[in-house]
Amino acid sequence: MSSSSAPSSVASRLEEGIPAPAPPRAKSKKTWWSWGLLVPVLVFFILMNVIPTIWMLGLSFYNYTLTSSGDPRFIGIDNYTQLAGAGPLWLSLGRTFTFMVLAVAIQTVLGAVVGYLFWKSNKVPGRRLALTLLFTPMILTPLSSGLFWRLMLDPVFGVINYFGELIGLEKIDFTTDATLAFPAVLVVDSWMWIPFMALMTLAALGSVPKAELEAAQVDNLSFWQRLVHVIIPAGKFIIILGILLRTIDVFKTMDLVYLMTNGGPGDRTELIAVALYRLAFKSFNLGYSSALAVLLLFIAIALTSIYLFVLNLRSRREAENA
Amino acid sequence: MVAALAAVGLASTAVLAGCSSGDDGASGTDDPAASDDGGNDSENLNEDGGGETCADNPDNPLCGSSDTNMQGKSIEFGYSRIGGWPPSAAPEAMWPAFQSYAKETYGYDVSDLAFAEAPFGELFQKIAPTLASGSNEFNLMIVDSQWLGALSEPGWIVKADDVFALNPELDIEPYSSLVTNTYQVYPDGSGQRWGFPQMPDTQGVFLRKDWLEDPANQAAFKDATGKDLPTTYEEYENILMDDFLEIVDFFNDPSGGIYGTAMMYSKEYDFFSCAYYPFAYSTGGEIWNPETNDVYGILNSEVNAAAMEKFVGLSEYQPETFATQGIGDMIDLFTQGRAFSAFQWLAVGAFMHNPEAPEGGVASPDQYIAIPLPKFEAPDGDANIIGAMGGQPWVINSFNDDDQMRVSVDFLKWWYLPETQDVFILDNGGLPWSKEGAANPAYADIPYLKPFLYMLGEGRSQDFWHLPEYSEMLAVQQEAFNGYATGTVSSAAEALDYSAAKQQEILFNAGRTTVAPPEGTAGRTLQ
Chain A
1 MSSSSAPSSV
11 ASRLEEGIPA
21 PAPPRAKSKK
31 TWWSWGLLVP
41 VLVFFILMNV
51 IPTIWMLGLS
61 FYNYTLTSSG
71 DPRFIGIDNY
81 TQLAGAGPLW
91 LSLGRTFTFM
101 VLAVAIQTVL
111 GAVVGYLFWK
121 SNKVPGRRLA
131 LTLLFTPMIL
141 TPLSSGLFWR
151 LMLDPVFGVI
161 NYFGELIGLE
171 KIDFTTDATL
181 AFPAVLVVDS
191 WMWIPFMALM
201 TLAALGSVPK
211 AELEAAQVDN
221 LSFWQRLVHV
231 IIPAGKFIII
241 LGILLRTIDV
251 FKTMDLVYLM
261 TNGGPGDRTE
271 LIAVALYRLA
281 FKSFNLGYSS
291 ALAVLLLFIA
301 IALTSIYLFV
311 LNLRSRREAE
321 NA
Chain B
1 MVAALAAVGL
11 ASTAVLAGCS
21 SGDDGASGTD
31 DPAASDDGGN
41 DSENLNEDGG
51 GETCADNPDN
61 PLCGSSDTNM
71 QGKSIEFGYS
81 RIGGWPPSAA
91 PEAMWPAFQS
101 YAKETYGYDV
111 SDLAFAEAPF
121 GELFQKIAPT
131 LASGSNEFNL
141 MIVDSQWLGA
151 LSEPGWIVKA
161 DDVFALNPEL
171 DIEPYSSLVT
181 NTYQVYPDGS
191 GQRWGFPQMP
201 DTQGVFLRKD
211 WLEDPANQAA
221 FKDATGKDLP
231 TTYEEYENIL
241 MDDFLEIVDF
251 FNDPSGGIYG
261 TAMMYSKEYD
271 FFSCAYYPFA
281 YSTGGEIWNP
291 ETNDVYGILN
301 SEVNAAAMEK
311 FVGLSEYQPE
321 TFATQGIGDM
331 IDLFTQGRAF
341 SAFQWLAVGA
351 FMHNPEAPEG
361 GVASPDQYIA
371 IPLPKFEAPD
381 GDANIIGAMG
391 GQPWVINSFN
401 DDDQMRVSVD
411 FLKWWYLPET
421 QDVFILDNGG
431 LPWSKEGAAN
441 PAYADIPYLK
451 PFLYMLGEGR
461 SQDFWHLPEY
471 SEMLAVQQEA
481 FNGYATGTVS
491 SAAEALDYSA
501 AKQQEILFNA
511 GRTTVAPPEG
521 TAGRTLQ
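Taken in order, these protein sequences are the chains called A and B.
Going by this note's numbering, the residue at position 109 of the first sequence is 109; the numbering climbs one at a time, nothing skipped.
Going by this note's numbering, the residue at position 65 of the second sequence is 65; the numbering climbs one at a time, nothing skipped.
Honestly, the hints are just simulated from the structure, not real lab data.
Treat the numbers as computed from the prediction; the structure is a model and nothing was measured.
We put the CB at the ideal spot given by N, CA and C, even for glycine.
A hint or two may mislead.
Okay, the calculated bits of chain A under chain B, using three or more residues with CB under 8 Å as the criterion [to be verified]: (1) 35–47; (2) 56–68; (3) 74–88; (4) 112–121; (5) 260–270.
Chain A is faced by these chain B residues, among others (derived, beta-carbon under 8 Å) [as the list claims (entries may be wrong)]: (6) Ala128; (7) Ala132; (8) Pro154; (9) Lys267; (10) Glu320; (11) Thr321; (12) Ala323; (13) Thr324; (14) Pro468; (15) Asn482; (16) Gly487; (17) Thr488; (18) Ala522; (19) Gly523; (20) Thr525; (21) Leu526.
Next comes chain B alone, as it looks inside the complex:
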């Protein structure tokens, strides 16, 4: 049986070789992202490049619909979104408004929005195989910023620059370069844009304002520390981490079921990594060299190890289950009144109160204040904070047919209308990412807008890899980092060294770097 299998297996290699478009089967080294058309094989994209405008050729699908070319048509449309992440479900709730807009403006009917969803860690698994098979099941997709390389290199998504060239109104000035670098550009630093910002996100901390303002707490804190308990956003905007932890410690009462804070240490997706990064970035650590794609010698630094020890050390202010905490757990701990504070993505601000919260919980946004991440002392002695970027862009499926492509562009034109953004931000928990949106006075009352914009300021946050290998690299370090948190890995230095070696190996094997991993990396296991 084994011999028979081997024989037919060898025969199948010939079939696979036949799939290869290259002469010698080595064409896998080609980099479509570096080509002029960004690797898009879609016929309608290639033939419509260049300096053409929509006035020259209104039927170019990337122009969207003209007054006439979609009249009377009926289009089926679908998108993919991140399950359990409310901001990515907003388009579905707002879809009827787009249906009316499409009918009134362009004269076509578009179906009810079909959608597929999966949690952060699984959505890529859902959409990648469909795109690999050339499917247009998902015409538009909300994706994580880390996926830009994986989606653009095989030519699965439309290059946003092509759409901007034909529709300058979509090329909106961002609040800062962080928006462009996080949600749009791949390869890093190339200036080539693939994504359209959907939901921007930065990190902050939610605090129990009602507890801070309680005179009994203020008096007790004064007695315990000799200091006044800060109560306003302004007092917290520049607070140092050690001063902040003094307050966390004051409220920490595990025996009474109250914890000082809540952070993410889960092995799931990028939860641990993103929560840890600010501790590393802000104290002078780096996770890789984006120019040479090297990791070893950078991630496994003493600074990063000290930052990880500090980060994991904060588990003393958190429940025993800290090592499995994710976004949802932090919402629960905070809204149920079991934690004084929560280090959280600000995009979930709308869910950090719950009108049905139990007594002692957070039933109203008046009960909390949201602040930027506390600052660390940087190597130069200055107070410094660099958070991790969150959030997601839209991307357009390059396998869309012409009509679906037009509807996708129409949708984006509608999505970025100020009145649509108002509904997204004011009624559906969205956040602004453009200069104009950030200055909109209508959004000023959003309780977490101020820290969000603060962290979106130049140099205050940074995103990590957008390479197609992100998933492998992330899985390695999530396992090692979480292993350190749970005690299965002996030290932070070991977790970082293991991750750095394995990531160097992944990038070396993928041809991203010429520097080989240290000897023995392949056989290395977590200690």
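Isolated chain A, as found in the complex:
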């Protein structure tokens, strides 16, 4: 039996120049250090997130309007039963889901196309600059994007109507037209977020093993065969994550709509987040709006759960493959 394989005493370890295992105190120090780093984040999270959420949940069982003279009055689940019969809110929720499905579909498809084009053009000069410019809309705040798009769509002095007139089209008031207002918001949201899906596509394509791509080339596979059998299986997790992130984000869309159309004309672009804003900060109906916020929270939790499930699925697959 060699000395190296035998259990060694501290003295023999010292003789052999092998450092002694860290004493338990060192481990404890490490734990404290970890907690020290974690505590500020936890405190912030509890103060800014957990407590307001709990407060909101509690408030949803009360009849409380900020501008009324009375104190909050406990009404049990009345706010929720009222919510169940609130036609305009369900209409807004339905509109939000329509917006979500269309926006995510458009952004995914076009983002994938743009991402693929960039992936294939890695030797084209100016690619890096083009990429930087492409991501600009994503960096802008929805407020500034909404404002300048509203100005560009303006029927009197907007640049889009100006060019439309040059080619013989009639002026269109996009943001107040009953048919066009919703698509106008959809286009602007897509303009902002197609770059994000392009980025996710680039990341997905980057994750495809080079060897598999080269093998596909050697086997003379067509573009569609490569897409279906090589690229999608390797990159689908990243794309799915992109879709889920966008789904959660689109569900919360408020500022862009508020600035572009203010939910109008009539209620044609009133998404659920805009309706919630009106209830809470225009009507100050805090109890009822809290109930709606709780409902939306559960929907957001459901979407997030899918996101986490996909993430875990990927980890499990990777573990299995390893």
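Chain B: place on chain A using the hints.
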């Protein structure tokens, strides 16, 4: 996670219940506005009520400063105002004069005026949470008349009657009862006053006088209609709407980029509603019953539907963007020479010309005349006009400390001095609201004063709800009315019926009326 949230949520209900001052948590039905002290919980107000005078107790904060009690002090002071509404910015421009006045008269220094501003629709959102938290960040506030109920019921503002009782010089005789009913009284008809008039406002029409006086236009109009083109205020004071529209039609030339008129149809705040109300009021329509707080069956009347159709029908004389037009758009259209006329709040008269206007625009007040709203034929056959009231009162924050309360009262005493009102009205675009001010010959040259006072006459204008629920009610009808203008709501009758049902529901749920909304209202959506 959901179960955990639910558990802690239920726990938080216990915390909230603890906030409730009532024994059974149902004290929310109390109406402080109906109590003797108007719901003011401020200690210094309650202890100083009754028949006391400032001679008895000069240290009462609601008396303002005495000769001695503020000497040598330095006070921080702030107010809130309506952004984008020039008359409410005037106090800031005039503040240095008040600083000198306070120093000379009472011997204290008051800081530069801190202010917060937000547009009409957002200012209430800004001040309500600060007041709900008992803050005295805004010592004085310029607010909209609709907010009186929302501010007074929770006890956030000082009852003006308490201040008048101690300072009779502030209780100034108004030009008409419209001033009191609009800017001061809540609940309607109760006689309890909460506000101090700051900027009065009524509606009128601005017309291009230079276009009317152009001989070529006069001849063309005569050829087209066989009538003379009216050119003076006197000719327009009693003009009927249909006759007026004949003139609007004459000047309307969309292909040449000139529109006959400009009105407000925007969904923003109360823009559509206030522009529409004169069409309803003047033809016999009403929007609610202020005694019973009922809306359904009143707002959704045939008269109101016909009035709305007429009002929206006038979009044929306006730009394609008519449905988003607000106050600023009408100023732009008119001053840039793109509209012959503009139905406008007269309080923005000072901004209806622009020395830097492009050629063809309104560079000088000599280029326009301002007139009252054209009249309608009332159900009794008489020519009738009832406009909507605009304008804002001052209100005093009831959470002010004693010194801030004194400065607030001092400020109001200074604000209503004739020499201060001169500066406000002649240099800062203000308008008079008192009998004395209206008769002041120094103001006679203001080009929009005559129609303003005409519309401020008894019965010629009326304000709408002052209830705390105003915001919810307004949001409902603005959406429905604007929806009709943009074609998303099928008819004026549907827009009115939907609004009436929803408003009845809001008032019923708030306990303002015993009449329930029609069945199915909760689930009803705009058609």
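Evaluated hints:
no. : hint    : verdict
1   : 35–47   : violated (count 0)
2   : 56–68   : holds (count 12)
3   : 74–88   : holds (count 6)
4   : 112–121 : violated (count 0)
5   : 260–270 : holds (count 8)
6   : Ala128  : holds (6 Å)
7   : Ala132  : holds (5 Å)
8   : Pro154  : holds (5 Å)
9   : Lys267  : holds (5 Å)
10  : Glu320  : holds (5 Å)
11  : Thr321  : holds (6 Å)
12  : Ala323  : holds (5 Å)
13  : Thr324  : holds (6 Å)
14  : Pro468  : holds (4 Å)
15  : Asn482  : holds (6 Å)
16  : Gly487  : holds (5 Å)
17  : Thr488  : holds (3 Å)
18  : Ala522  : holds (4 Å)
19  : Gly523  : holds (4 Å)
20  : Thr525  : holds (5 Å)
21  : Leu526  : holds (5 Å)
Going through the hint list in order, the structure does not satisfy hints 1, 4.
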